[in-house]
Amino acid sequence: MGLMTTSPSPPQATHISPTPSPDGAFEAPNRQSRAHCWEARDAFFACLERNGIVDSIKEKERAGEVCEGEDARLGKECAASWVTYFKQRRVMEWNKKQTLEKLAKENARPMPEGVGLPGVKGGA
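Using full-length UniProt numbering, the first residue of the sequence shown is number 1, and each one after it goes up by one.
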C-alpha cells in the first residue's frame, strides 16, 4: 500500500512590514508593499470623506473613533513617515482646492507669464 501525499498549497502573498538592514535603516518597500500602502491610504481617506473629516491630525480623536480600523491598517501597511506625509498632503490638497474654487467664483484670471515674485521661476 503506497503513501498518498499532497503537496502543500503555495503560500498566499502577504504584506511584510519593512525590515531593518544591518546598518539600522529600513529597506525600501517593494512594489507590492507600496500597493498595499496606497490601498490602505485610499481606504482611510474614503472613511474620512464619509465622515466629513479633512484634517485627521487636528481631528485625531474623532478620526480615531470613526476610522479606527482604516487608520490602524494605514499604520501597519505604510512607514510612519509616509502616514504623516499622506495626512498632511490631504489637508494641503483640500486647501488648494478650496482656494482654486474661491478664485474661480471671483472670476480670477491667471497672471501673465513673467509676472510673479523675484527669484522665483517665472518671476520678475
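A hint or two may mislead.
[Claimed, not checked] Each pair of labels, with its calculated beta carbon distance range:
#1 E59 <-> Q32: 41 to 49 Å
#2 E113 <-> G24: 22 to 30 Å
#3 N30 <-> R62: 33 to 41 Å
#4 V91 <-> R31: 21 to 29 Å
[Claimed, not checked] Below 27 Å or equal to it, Euclidean Cα-Cα: the simulated DSS-like pairs (lysine-lysine) are:
#5 K60 <-> K105
#6 K58 <-> K96
#7 K60 <-> K96
#8 K60 <-> K97
#9 K60 <-> K76
#10 K58 <-> K102
#11 K102 <-> K76
Simulated from the structure, these hints should not be mistaken for laboratory data.
Using N, Cα and C, we set each Cβ at its ideal position, and we do this for glycine too.
Structure-based check of all given hints:
The hinted range of 41 to 49 Å is not satisfied by E59 and Q32, whose Cβ atoms lie roughly 31 Å apart. Roughly 48 Å separates the CB atoms of E113 and G24, a value that falls outside the hinted 22 to 30 Å. Against the hinted window of 33 to 41 Å, the Cβ-Cβ separation of N30 and R62 comes to about 34 Å, which satisfies the hint. A C-beta distance of roughly 28 Å is found between V91 and R31, which places it inside the suggested range of 21 to 29 Å.
This hinted pair does not check out: K60 and K105 have alpha carbons roughly 32 Å apart, beyond 27 Å. At roughly 18 Å between alpha-carbon atoms, K58 and K96 fall within 27 Å of each other, so this suggested pair holds. Distance restraint check for K60 and K96: the Cα-Cα separation of roughly 22 Å lies within the 27 Å cut-off, and the hinted pair is therefore satisfied. For the given pair, K60 sits about 22 Å from K97 by alpha-carbon distance, which is consistent with the 27 Å threshold.
Our distance criterion of 27 Å between C-alpha atoms is met by K60 and K76, whose separation comes to about 17 Å. Restraint check: the Cα-Cα separation between K58 and K102 comes to about 23 Å, which is no more than 27 Å; the hinted pair holds. Using a Cα cut-off of 27 Å, the hinted pair K102 and K76 is violated, with the two alpha carbons roughly 37 Å apart.
Hints 1, 2, 5 and 11, counting from the list given before, are not met by this structure.
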